[in-house]
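Peer 1: For the protein sequence lines, the chains are A and B, in the order given.
Numbering-wise, the working numbering puts 90 at position 90 of the first sequence, and it's gapless, one number per residue.
Numbering-wise, the working numbering puts 111 at position 111 of the second sequence, and it's gapless, one number per residue.
A portion of the hints provided could be inaccurate.
Stated by the list, open to error - Heads up, simulated DMTMM-like pairs for lysine to aspartate or glutamate below, C-alpha to C-alpha not over 25 Å straight-line: (1) B:Lys57 <-> A:Glu29; (2) B:Lys69 <-> B:Glu30; (3) A:Lys78 <-> A:Glu52; (4) B:Lys57 <-> A:Asp31; (5) B:Lys57 <-> A:Asp26; (6) A:Lys73 <-> B:Asp59; (7) B:Lys57 <-> B:Glu79; (8) B:Lys57 <-> A:Glu109; (9) A:Lys78 <-> B:Glu102; (10) B:Lys18 <-> B:Asp38.
In short, the hints are calculated from the structure, not lab data.
For reference, the chains in residue letters:
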Amino acid sequence: AQTVTQSQPEMSVQEAETVTLSCTYDTSESDYYLFWYKQPPSRQMILVIRQEAYKQQNATENRFSVNFQKAAKSFSLKISDSQLGDAAMYFCAYRSGGRTSGSRLTFGEGTQLTVNP
Amino acid sequence: EAQVTQNPRYLITVTGKKLTVTCSQNMNHEYMSWYRQDPGLGLRQIYYSMNVEVTDKGDVPEGYKVSRKEKRNFPLILESPSPNQTSLYFCASSFWTSSYNEQFFGPGTRLTVL
Numbered sequence: 001a002q003t004v005t006q007s008q009p010e011m012s013v014q015e016a017e018t019v020t021l022s023c024t025y026d027t028s029e030s031d032y033y034l035f036w037y038k039q040p041p042s043r044q045m046i047l048v049i050r051q052e053a054y055k056q057q058n059a060t061e062n063r064f065s066v067n068f069q070k071a072a073k074s075f076s077l078k079i080s081d082s083q084l085g086d087a088a089m090y091f092c093a094y095r096s097g098g099r100t101s102g103s104r105l106t107f108g109e110g111t112q113l114t115v116n117p
Numbered sequence: 001e002a003q004v005t006q007n008p009r010y011l012i013t014v015t016g017k018k019l020t021v022t023c024s025q026n027m028n029h030e031y032m033s034w035y036r037q038d039p040g041l042g043l044r045q046i047y048y049s050m051n052v053e054v055t056d057k058g059d060v061p062e063g064y065k066v067s068r069k070e071k072r073n074f075p076l077i078l079e080s081p082s083p084n085q086t087s088l089y090f091c092a093s094s095f096w097t098s099s100y101n102e103q104f105f106g107p108g109t110r111l112t113v114l
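Bound conformation, chain B alone (with noise of 0.2 Å):
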């Protein structure tokens, strides 16, 4: 099944304490990205990967780093995570084309930083 996997999917922390979300696609995709969903703002772009070794900064990236090593893994790292982190997290999936494409989305993980 095409599928975009992450894990945790609920995760509390605590300030400062080190932690990754893993996100893996099966679907051969180059492209790869992480969201944050806050309450009144919708989805916001934390960094996107085009492909292997190939990442950059989206929309909202302080506080976070990503790594591409692999085509089908994409893990968003927080080194010292902060209150203001807690969020929901999406990582998504798709071909790198100039045409449409369709994303494909994981499940989400919820993140609480106490």
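Excised from the complex, chain A in its bound form (with noise of 0.2 Å):
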């Protein structure tokens, strides 16, 4: 079965500047996705970028961008020019990219992210 660990349950930054956040995770499998999600306060899951393992490139978007390193199975985030609006819980998504698992998604425990004016 697969894993996700999010070993940083709280971040803060200051606005302005850049955080990395880290996400580790465990497979035996070669084809799947990666997925970083927003839960602002409001609870809603916004998904802010995704990784598909078959790609060397890195994902961004806009200030958003990912580190992928496949063969140490780490996707972390790193959100630049941070924002007030970015304060949210992040969770890290593994999906297989098996067509027997579906879309079924594994989620990181979260890390807590806080904007500091």
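Take the two lone chains and join them into the complex the hints point to.
Peer 2: This is the structure we're talking about:
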């Protein structure tokens, strides 16, 4: 079974600075997808960024980028120019690429990000 | 508007009183799923459905039931709720393909069992 670990329960960053959230995962599969979800106080789950394991290039979405290290099974999220609206719980998630597993997501424990003005 | 809806959003109940949390999606998704979120544990899958009349257990199915009689609806049933089922519940849906597909989440249901 796959596992996802986020070792930082809480992180804080000053507004306009950069912060990196860590995520490691364990799998024996070669085909999979990785995601970062944001959960603001409204509790809505918002997809921030996604990475296909077969792609070597790191995904980027505006101020959000990932550092995907497949051999190390590491998938960190970097938030540049942090804004007050970035304050939220962030979840790392794994999905198998195999057809039999469907769309099941395996989540990490979450990292609560605080942005200080 | 494409969305996943859940009802109720908040529910306080007592031990043993049967309840149903509804979930509906308007995107014609084959795949639907229920997760529960608990502090320090992230989200864990309870049950999922790959299509109408096809359901299967996730990681934490004990104490829950589901049904999928229509493609758009996937209710979660707690026949005899207990305090350890106090949690935040999410319904999610997506297309069923072997390639990447985004899961759409409902707004969540906060359940308290006294």
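Peer 1: Could you tell me which of the hints above the structure violates, numbers in ascending order?
Peer 2: No hint contradicted; all consistent.
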